[in-house]
Amino acid sequence: MIVNQFLVLAALLFSIGIYGVLVRRNAVLVLLSIELMLTAVNINLVAFGQYVQDALLSGQVFALFVITVAAAEVGIGLAIVVLIFRNRSSANVDELDLLKW
Amino acid sequence: MEFTDWIADARNVVFLVIAVAMIGSAVMVVTSRNVIHAALMLVVALAGAAALFLMLGAEFVAWTVVLVYIGAVIVLFLFGIMITRAPTKTDSVRLDHKRRWPAAIVALGTFATMATVTTMAFEDIPMPDGVSRTGDLGDVLFSRFVIPFEVVSFVLLAALIGGIVLARKDQES
Amino acid sequence: MVMLAALLGAPLASPETAHLSDGGVLAQWAWLIPVVPLVLMFGIVFFGKRLPAGGWELAEAAMLFVAVYGVALLIMNASEGITYEGSIEIARIGSYVIEWGWVVDGLSIMMYAVVGVVGLAVFTYAKGYMKGDVRFTWFFAAFTMFAGAMLVLVSSANLIQLIVGWELVGLASYLLIGHYWEDHANNAAATKAFLVNKIADVGLFIGVIIIAVTVGSFRFTDILNAVAEGDSALAQVAFWAGLALFIGAMGKSAQFPFHVWLPDAMAGPTPVSSLMHAATMVTAGVYLVGRMFPLYQTAGFAVDVKAIMIVVGALTLFLTGLIALVQDDIKKVLAYSTLSQLGYMTAAMGAGAYTAGLFHLFTHAFFKGLLFLCAGSVIHAVHSNNMSDMGGLRKLMPWTYRTFLVGSLALAGIFPLAGFWSKDEILASISFDSGHDGGTIATVVLVAAIAGAFVTAFYMARAVYLTFFGEYKGHGHPHESPRVMTYPLIGLGVLSAVAGFANVPGVFTGFTEWLAARPVAMGDHHAEAINFGLAGIGLAVALLGVVAGTRLWKRDAATQQARDTFRIPVLYPLLANKYYIDDLYLKGVVGPIKGPIARFTNWTNTYLIDGFVNAFAAVSVFLSRIVYHGLDQRGIDLAFNAVSSATGEAGDALRYTTSGKIQDYAAALFAGAVLLVVGFLIFT
Numbered sequence: 000m001i002v003n004q005f006l007v008l009a010a011l012l013f014s015i016g017i018y019g020v021l022v023r024r025n026a027v028l029v030l031l032s033i034e035l036m037l038t039a040v041n042i043n044l045v046a047f048g049q050y051v052q053d054a055l056l057s058g059q060v061f062a063l064f065v066i067t068v069a070a071a072e073v074g075i076g077l078a079i080v081v082l083i084f085r086n087r088s089s090a091n092v093d094e095l096d097l098l099k100w
Numbered sequence: 000m001e002f003t004d005w006i007a008d009a010r011n012v013v014f015l016v017i018a019v020a021m022i023g024s025a026v027m028v029v030t031s032r033n034v035i036h037a038a039l040m041l042v043v044a045l046a047g048a049a050a051l052f053l054m055l056g057a058e059f060v061a062w063t064v065v066l067v068y069i070g071a072v073i074v075l076f077l078f079g080i081m082i083t084r085a086p087t088k089t090d091s092v093r094l095d096h097k098r099r100w101p102a103a104i105v106a107l108g109t110f111a112t113m114a115t116v117t118t119m120a121f122e123d124i125p126m127p128d129g130v131s132r133t134g135d136l137g138d139v140l141f142s143r144f145v146i147p148f149e150v151v152s153f154v155l156l157a158a159l160i161g162g163i164v165l166a167r168k169d170q171e172s
Numbered sequence: 000m001v002m003l004a005a006l007l008g009a010p011l012a013s014p015e016t017a018h019l020s021d022g023g024v025l026a027q028w029a030w031l032i033p034v035v036p037l038v039l040m041f042g043i044v045f046f047g048k049r050l051p052a053g054g055w056e057l058a059e060a061a062m063l064f065v066a067v068y069g070v071a072l073l074i075m076n077a078s079e080g081i082t083y084e085g086s087i088e089i090a091r092i093g094s095y096v097i098e099w100g101w102v103v104d105g106l107s108i109m110m111y112a113v114v115g116v117v118g119l120a121v122f123t124y125a126k127g128y129m130k131g132d133v134r135f136t137w138f139f140a141a142f143t144m145f146a147g148a149m150l151v152l153v154s155s156a157n158l159i160q161l162i163v164g165w166e167l168v169g170l171a172s173y174l175l176i177g178h179y180w181e182d183h184a185n186n187a188a189a190t191k192a193f194l195v196n197k198i199a200d201v202g203l204f205i206g207v208i209i210i211a212v213t214v215g216s217f218r219f220t221d222i223l224n225a226v227a228e229g230d231s232a233l234a235q236v237a238f239w240a241g242l243a244l245f246i247g248a249m250g251k252s253a254q255f256p257f258h259v260w261l262p263d264a265m266a267g268p269t270p271v272s273s274l275m276h277a278a279t280m281v282t283a284g285v286y287l288v289g290r291m292f293p294l295y296q297t298a299g300f301a302v303d304v305k306a307i308m309i310v311v312g313a314l315t316l317f318l319t320g321l322i323a324l325v326q327d328d329i330k331k332v333l334a335y336s337t338l339s340q341l342g343y344m345t346a347a348m349g350a351g352a353y354t355a356g357l358f359h360l361f362t363h364a365f366f367k368g369l370l371f372l373c374a375g376s377v378i379h380a381v382h383s384n385n386m387s388d389m390g391g392l393r394k395l396m397p398w399t400y401r402t403f404l405v406g407s408l409a410l411a412g413i414f415p416l417a418g419f420w421s422k423d424e425i426l427a428s429i430s431f432d433s434g435h436d437g438g439t440i441a442t443v444v445l446v447a448a449i450a451g452a453f454v455t456a457f458y459m460a461r462a463v464y465l466t467f468f469g470e471y472k473g474h475g476h477p478h479e480s481p482r483v484m485t486y487p488l489i490g491l492g493v494l495s496a497v498a499g500f501a502n503v504p505g506v507f508t509g510f511t512e513w514l515a516a517r518p519v520a521m522g523d524h525h526a527e528a529i530n531f532g533l534a535g536i537g538l539a540v541a542l543l544g545v546v547a548g549t550r551l552w553k554r555d556a557a558t559q560q561a562r563d564t565f566r567i568p569v570l571y572p573l574l575a576n577k578y579y580i581d582d583l584y585l586k587g588v589v590g591p592i593k594g595p596i597a598r599f600t601n602w603t604n605t606y607l608i609d610g611f612v613n614a615f616a617a618v619s620v621f622l623s624r625i626v627y628h629g630l631d632q633r634g635i636d637l638a639f640n641a642v643s644s645a646t647g648e649a650g651d652a653l654r655y656t657t658s659g660k661i662q663d664y665a666a667a668l669f670a671g672a673v674l675l676v677v678g679f680l681i682f683t
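Residue numbers (numbering that gives the first Met the number 0), protein chains in the order written: chain A, 0 to 100; chain B, 0 to 172; chain C, 0 to 683.
Bear in mind the hints are in silico, worked out from the structure with no lab data behind them.
Misleading hints may appear alongside valid ones.
Stated by the list, open to error - Per label pair, the in silico range of CB-to-CB distance: (1) A:S57 <-> B:V19: 44 to 54 Å; (2) C:G671 <-> B:L156: 53 to 63 Å; (3) A:D93 <-> B:G129: 47 to 57 Å; (4) B:A111 <-> A:N91: 23 to 33 Å; (5) B:R98 <-> C:I681: 41 to 51 Å; (6) C:D631 <-> A:N91: 31 to 41 Å; (7) B:G161 <-> C:A641: 30 to 40 Å; (8) C:A641 <-> B:A111: 38 to 48 Å.
All residues carry an ideal CB built from backbone N, CA and C; glycine is no exception.
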């Protein structure tokens, strides 16, 4: 196995996640795409950790933290989406444009 | 290294299969018209990621992904979908923007840049073998990285409280 | 006489051999002489009203100081001639030095003594005369300033200082003539005096400028040294400079035709007429000629001006004397008499008689000053200037009568009073001149001078008889003046009697030696002995005048005045209207200036000068309008406005980037990050 294969795969997943973030109109689906991006990051981290053969296993530790924070973030994010849905009875991201010109 | 040499390694074949699955499911996540399908496709992608972690020798991380991500986060998502009454069937309401090409360009640009960079930097460098022991990970986690560990636990606490506060019904008093 | 001479230590021999000293301490401190009156003048101005005598004390103290100092210097000069000059440099303009100097030599000392003694008498007299006047303190302040200014004039060591003193006495004259300014006629008289003097001063300034530029210095010593050395540059301009200076002198000393201001100046209080317009200020012109005498006397310089001088003097002495015959105002009689005597002094200077002219100045100061004070005494008692309101005052005002008589006889030139000696010396000098440089002109002048002596005695006799004899024609109760006024009269009377003995040719010529104490020799002729022939003619003519006057006016003054008008039909109106010269000036000079010339000047000012300025302004306004509208509004402002509107429109265009949609922001973020990375990769 070469290092690059993991990196390229992670890059691909990341880009797909970007596409999803930018394209999806449902807030929940945007969060889903963000999860995809974070997963790609995790793959990158662990791959680099293994490549470097760190004695402290910092790549894996970092990945664990990312997972944890992602979980917390999803919780909050969904809570916010729920609130917005209650206010506006729609989870459409396009409609959240009050800060426009 | 030539592709034929690369594919000769059995592990790389496994990798390729998993990668294709992951990519396919990821594309489904971002393009599916059914929200539930998108969430479930993410499950597949996450499972693939866990498999990759196993290949990279990060066992604990792999099982954590399965437990936390697939087990909790996706469930959370499904609850969220339910509460926000997102359309669970395929219907005429479009889930995507009309103009998708700017996003495509950006995504493509990002991938191209990153792939080029990594390829230029790590051309054929092999990945070392080795499985890391969970015990070592635990040691490290509670010695060297104990403070970030505690901080992250606070983050979780904050998220917990925040989530409860945000999502509860308005108190009519 | 000889003992007196020995007492004063003056040698009886030729005057030029008197040795000259530097005057010691007295001369070094002589700068106080002009300064003390000026300082005390300020004292009067600031404190006068609070003092018990209204400031008169300070004025009298000033004159007492000057009189004592002047006489002391005179005595010292008599024993050993002083020539001293002190100076302090004030400023430098280019190569010219402006100094304050004080000269202590024979001429200056004589003037100090005259100003001091006569001034003391007049100031004492004025205390009584001006009593009760509403502007008593101011009067003495101005009078003291006059004294100080006159002393500045006669002590000046350079032409600039002389001009300063000259102008200041002119100012004092204006202020004092116009003392009773409630009557507009007095203001007019003061203005007339000032203006006529100012016109003549043009000559003075031109003369000073020519001399100073040629010689390179204003100092008298430098100028007279240049004359003594025969400086050719000065010799070329000397005639014009000398003539110009003489014209200035003519104004101040009221020579024909600048004499018109002096009779009108009688509008001032009598002490002013006495001190300024008889004894001192009007003699400033004669003094100037005396100071610059070598310029007129040395061959090759301004010698030809003397011919003009002598003719002018002769005209003045004769013509003005005639006018005195027909005046009713006693002060006007004395004013024309003063003009006549000034003519004598000028004629003497013109004949090259430095000593004779100044000797007459000396004696005239005493008896004319006295005559004015007596006239003032009479006017004060009778409350009228006109002799037709007087008469018979001989018994009512005995001391005034006696002193007036002494003064009149001295003026007429009766032996042995002062006027006899000085007038005789003038006649002798003119006669000498007629035999030498003066030629026929001098002979004619001599005849005029002798005739003038007759006229002098004639009109003074008239004045005495009309005022003091006959019966009192007025309405009030005249009485003798208080002692403060009569004592000065007596003092001056004594001086009028004996002053003539200061210079008896061949016997005692102290005055000549005193005057000769100067750094440069004057070069005038000194008579070796009394010219008995000429003296006899002069005395006879004067007695003739007295007798004629007595015959005409003694018996009945009133009817004689009436007969005067009928007796000389053509001559009387001519004299009464002062040869119509005032009318000539008024219609010929003042009228055109007030009328056409003033209108022309106004037109030039309004249309030419103002028009020129206005044109400039119009052009400026036009240019500024162009700059504003064209350059500023359309050019510069346009640039600024364009920038600001471009900024606005750019903002308008760019605001659509804030769509409010998160995904758009996210897209921008990712795109930007990618671009940065690419850029980073490419350029490093």
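_Hints violated by the structure (listed by number, smallest first)_ = Numbers 1, 2, 5, 6 and 7 - these are the hints that the structure violates, sorted from lowest upward.
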